[in-house]
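**Q** Numbering of the sequence shown is given in my numbering, commencing with residue 551 and proceeding in unit increments.
Watch out, some of these pointers could steer you wrong.
Pairs of lysine-lysine, BS3-like flavour, derived with a Cα cap of 30 angstroms [to be verified]:
1. LYS608 with LYS757
2. LYS623 with LYS681
3. LYS745 with LYS757
4. LYS668 with LYS682
5. LYS681 with LYS619
6. LYS745 with LYS642
Hints in this document: simulated from the structure, not taken from any laboratory.
Being a predicted model, the structure only gives us computed values, none of them experimental.
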Amino acid sequence: MKKDFLTTSILLLIISFLVGCSSHEKTEMNPDYAGVGTEIPGGIDARIVPFDFEEAVKDADLIAEVEIKRLIKEVKEEPIPYTVFATHIIQKIEGDDMRAEVTIRQNGDSEWRFNDNKMFKPGEKYVFFLKKTAASESDYWILGEETGMFQVASDDYLIKLSDSLDEFASLEAHPNDLQSNDKEIINDVTQILDKQSFINKIKGELK
551 MKKDFLTTSI LLLIISFLVG CSSHEKTEMN PDYAGVGTEI PGGIDARIVP FDFEEAVKDA
611 DLIAEVEIKR LIKEVKEEPI PYTVFATHII QKIEGDDMRA EVTIRQNGDS EWRFNDNKMF
671 KPGEKYVFFL KKTAASESDY WILGEETGMF QVASDDYLIK LSDSLDEFAS LEAHPNDLQS
731 NDKEIINDVT QILDKQSFIN KIKGELK
């Protein structure tokens, strides 16, 4: 009896180890995040691979200014659910995709906010560095997730929503240049950039 109990315990330990390894491999293979940290009420706190400008220009399949048109669906995927949005391409900066409308995914949904990020809304405009998806229900995912989101403000300016970068210091604009409704987006981790200068920097990197 004691021997049977010991054998069963060992088998359970082996199964637990294998399940843990499988879960770890799934996390490492997901391109959108580096690992799930903690689950908080109504939200998910996760470590993501931060936005790297040079790498993003090199790795992106599509770089474009887009307008969020509509929410298509929410996908309850483990460990992180995501939402698929239809977007209209306003200006293609780089890429071979000739379509006027493409779908993108944003981590999180109406129930779970990813790293406390607000979900996209129709009418919002962004410059995104996009990568084609392999096993997602969208055409593209956003390189760097929130650290690679550049929201268009006042037509002439962009707001980098998270993790300001020193290499963009020469492109920075003053908050007073923004309209009052755009100023609501600003916080201590945002960075205001001149839109055309930013696009010129991308094109310069592509040469």
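**Q** Hints first: check each against the structure and report whether it holds.
**A** Results for each hint:
no. : hint               : verdict
1   : LYS608 with LYS757 : holds (11 angstroms)
2   : LYS623 with LYS681 : holds (19 angstroms)
3   : LYS745 with LYS757 : holds (19 angstroms)
4   : LYS668 with LYS682 : holds (23 angstroms)
5   : LYS681 with LYS619 : holds (19 angstroms)
6   : LYS745 with LYS642 : holds (14 angstroms)
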